[in-house]
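*Asks:* Next come the chains, spelled out residue by residue.
Protein chains: 2
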Amino acid sequence: MRIVVVGGVAGGMSCAARARRLDESAEIIVMERGEHVSFANCGLPYHVGGEIVEAESLLVQTPASLKAALNLDVRTGHDVIGVDTGKRSVTVRTADGSQQVSYDALVLSPGAKAVRPPIDGLDSPRVSTLRTVDDAVALKSSVDDGATRAVVLGAGFIGLEAAEALALRGLEVTVVELAPHVLPPLESEMAQLITDELRRLGITVRDGVAATAIEHGDSEDVVVLGDGTRIPADRIVLSVGVRPDTEAFEAAGIACERGAIVVDGHGRTSVPGVWAVGDAVVSTDAVTGIRRPVPLAGPANRAGRQVADDIIRRGSARPIPAPVGTAIVRVGDLTAALTGANRAALDAAGISYRTLHLHPNQHAGYFPGASQVHLVMHIRAHDGLILGAQAVGLDGVDKRIDVLATAIRAGLVAPDLIDLDLAYAPPFGSAKDAVNMAGMVASNVLDGTLKIWDATELESATRGALLLDVRSHAEFATGRLPGAFNVPHTELRERLDEVRGAAAGRPVRVLCQSGVRSAIAHRVLTQSGFDSASLSGGMLTMRAVLGDRAADNLITD
Amino acid sequence: MRIVVVGGVAGGMSCAARARRLDESAEIIVMERGEHVSFANCGLPYHVGGEIVEAESLLVQTPASLKAALNLDVRTGHDVIGVDTGKRSVTVRTADGSQQVSYDALVLSPGAKAVRPPIDGLDSPRVSTLRTVDDAVALKSSVDDGATRAVVLGAGFIGLEAAEALALRGLEVTVVELAPHVLPPLESEMAQLITDELRRLGITVRDGVAATAIEHGDSEDVVVLGDGTRIPADRIVLSVGVRPDTEAFEAAGIACERGAIVVDGHGRTSVPGVWAVGDAVVSTDAVTGIRRPVPLAGPANRAGRQVADDIIRRGSARPIPAPVGTAIVRVGDLTAALTGANRAALDAAGISYRTLHLHPNQHAGYFPGASQVHLVMHIRAHDGLILGAQAVGLDGVDKRIDVLATAIRAGLVAPDLIDLDLAYAPPFGSAKDAVNMAGMVASNVLDGTLKIWDATELESATRGALLLDVRSHAEFATGRLPGAFNVPHTELRERLDEVRGAAAGRPVRVLCQSGVRSAIAHRVLTQSGFDSASLSGGMLTMRAVLGDRAADNLITD
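Residue numbers (the UniProt record's numbering), protein chains in the order written: chain A, 1 to 557; chain B, 1 to 557.
Note that these hints are calculated values from the structure, not bench results.
Just so it is clear, the structure is predicted and the values come from calculations on it, not from any experiment.
Fair warning: there could be bad hints in the mix.
Put simply, identical chains are the same to the list, so a pair is met inside one copy or across any two.
Below, simulated SDA-like cross-link-like pairs (lysine to any residue); rule was C-alpha separation at most 20 Å, straight line [to be verified]:
hint: 1; residue 1: K67; residue 2: L496
hint: 2; residue 1: K113; residue 2: L546
hint: 3; residue 1: K87; residue 2: S316
hint: 4; residue 1: K140; residue 2: S316
hint: 5; residue 1: K113; residue 2: D79
hint: 6; residue 1: K67; residue 2: I119
hint: 7; residue 1: K67; residue 2: T91
hint: 8; residue 1: K67; residue 2: R243
hint: 9; residue 1: K140; residue 2: D196
hint: 10; residue 1: K67; residue 2: E494
hint: 11; residue 1: K87; residue 2: R354
hint: 12; residue 1: K87; residue 2: V205
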């Protein structure tokens, strides 16, 4: 049997390696258009930034090493430009011309290519993407050679990694993002924390605005934004997203959906004998059921492995699971991570949900180095099924998101999180871990023990309710909402009549710093006959929601 | 309603706080024998070591803060010495005498007390435990005052934390453990890594031997071991375990099992109106069904909360889950953590299982700072249910154990671990995370793709099989098993006839450094007709199993 794999990175190479482990007798040919296979594309920005010193360390495998270890026939510089699905052969273009190569099984892992937005002058030689080792080496060289000002178009994961890398190297960096905030998959209140960190790194953030033109100049270009801003730059990194690189396969009659290859639960395309994996295929989101390509390395590698199982052991292979969509990025000293669905996806899917905000410490507060994990969790309104979570913080973010990703995959409901026995010693966690706390808050919200209000409801709360701030007087003085009435939670029971007078029949909307004390206050109030609710995530979340408007909307003494 | 809680730490205080949040009208009295409530007992060793500078920071709450925030009536120095379950009252002893306090609901959270082994001279004033803030302050003072030599009796979690703290302070420290290795709940091959780290910290480890006597001296005591060793010490820390502190309650007719209070799934004891939580109760292990006390803070806090629900909302409270038994400890630069059952518990429960060893990196190998997570996982033989896992490493250990603890709680089987979408960017993980890798190896073992042999089978493998070492020649030279035949995995396909000759009809037992290359070699061999198996965890695990015998059992050039 001859297996031909198109694309020698992530999914394609995982498939080839697994196929060999399952079948010594198969002929396995990997066709890679580029110069390198199995390279560390997620490591490219760190080479530009200098953390990964040698470009060679990004080349995890070579055709020679793959031949020696796994007897794979890896052909770089081989571009598959056509498929004859009837004859079961592919047309391969190389520097020497074209050839036909027949297959018994064909695995398509062509990946994605950079989206090129309609910007005048995008053909400037100062514009580059960051998708290959050569891209990284070239960008790094331009910095080594004295580049001083960079614009990064697109503030997604790779865009921010590139921006930070260039800032680390001393360049003046501006990030331009068409969406309302950086890292568009993050909720805005989480993205605000990342925007603040980017600014701390000296990076200029321009969000909610398009780049409309790049004016070519002799010593530098000028990036022109939709609002007229002109940003000089000697390097411009294009990172506004990717789309499946599938023209040749769609032309061959393999069914696609908005350019992405359609596959079944075993990675089989519409054509017998042809499988597809990775960034080029359409997946069905595990939480929302939304169909879209999921350009992530983990799911690609897994699908490659499962497709090899299906080819060699047809009928007995495990299905490829729907992706949960977990992702993470380091930005300065912060980490941002997310798993499952965000508000936009849940809204698009018409799923009714509740959103919780927490700011627990990553480990025991009395142990040196304690810092907060800013956590958002979405749960299904009627049963608490965990739909998605996001976290931002200095430490412990990856752990909480991985636990929650596991919970989502296992179909846990939020109260199940209370029951998780997570590892606790003072350097690592708390007796009630951040994830346990999320389960407790969710459980309270689901059964009505806790009624919450959201920072986005501030306007109506200010208009129609008493804002009751139960922080200490000292905290209150450092920044309060206009009209807020201050009764520290430790004085609340004695001052209920005073609160009743101030409320004058209106509901009470309680708030504190993080939502813990206001939840206690809510319980006191609701049992005393008040219509009360506690601000989800407290002033920490309120400040993040207000973002740049916080300075104008908070009163300080 | 009056709720009386006996014990103001962890479970008891969680119960009292939750009860208040649920019911403003209840009278809630917490009786604490000691001087402090809600103190950070897990933080005590770090105060001795100087990482937690102020003892005050260990006092998370005070009676006054609990009164102000939660209207709790917290009484320290109040020792509950008897219960009249018929009259629903407790007898409380204070400095001023005894009193009766009636209750509607009684919650017992008395905790555990240090086991005092039969050692002559254990009453020396130089012997102390490390269970209270006062213990920590006193031990720290003795160090501040010039103590120079310490013996720690017991190498469990707290014993090792104490030993490291004292070593950090410059003392000469010996740890004495009766069990065959330090951290007895760890598998021996994992414990060996911790023993090595303790030695690196300058701590002398004496395991598999009892302390038999403490000879009192003027300037120092001498700890005498069963083998005659005499160890001078001016401080002796007793940390050989705990047992439930329940005499008063058993005497009152509350059903106990080997000294631990028996409770149902809602924390209810045998007596109406009496609940119990924490270190003093017997739990049914979630994995093995073995009944024993589980002295861990997380389960205690959770049970306290659930008992409050049961008291206030009887009938609608969620049950208290069986503990999974997750624990973690930092030892020097290493972290050791475990979740679920170990070999001893599985053997005791008669559960048939398979054990896997892996040594994956904690994050992308090409990113600076990559280090190995040494991982052991036990899975049920017939279906791959995850039964337990342990990990030791420099970084990323807590995350993997928490993910696996979540998987165990959710009832996942090992192949489900392949499907987890874990957060990947080069600083945080790999496209195939350590946990995914564990799932892949387990899946291969379960379906027969991979046949493994265990390092403990070395003797029979040496006797009846060809040991085939597929590492490189250079690796082979640094330490090999006697009789091992070296064919690098990259040369294996070309040298199969040579292997066939060397095997001479015997099975082939393959090995490499970590088990990855030998698994590939196994696939080559088994498809070529050999009876082959791959060493689980490779030479890294073999060296840990050999432990101190490695030097005598390995040949180096």
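*Asks:* Checking against the hints above, which ones are violated?
*Replies:* Failing hints, ascending: 2, 3, 4, 6, 7, 8, 9, 11 and 12.
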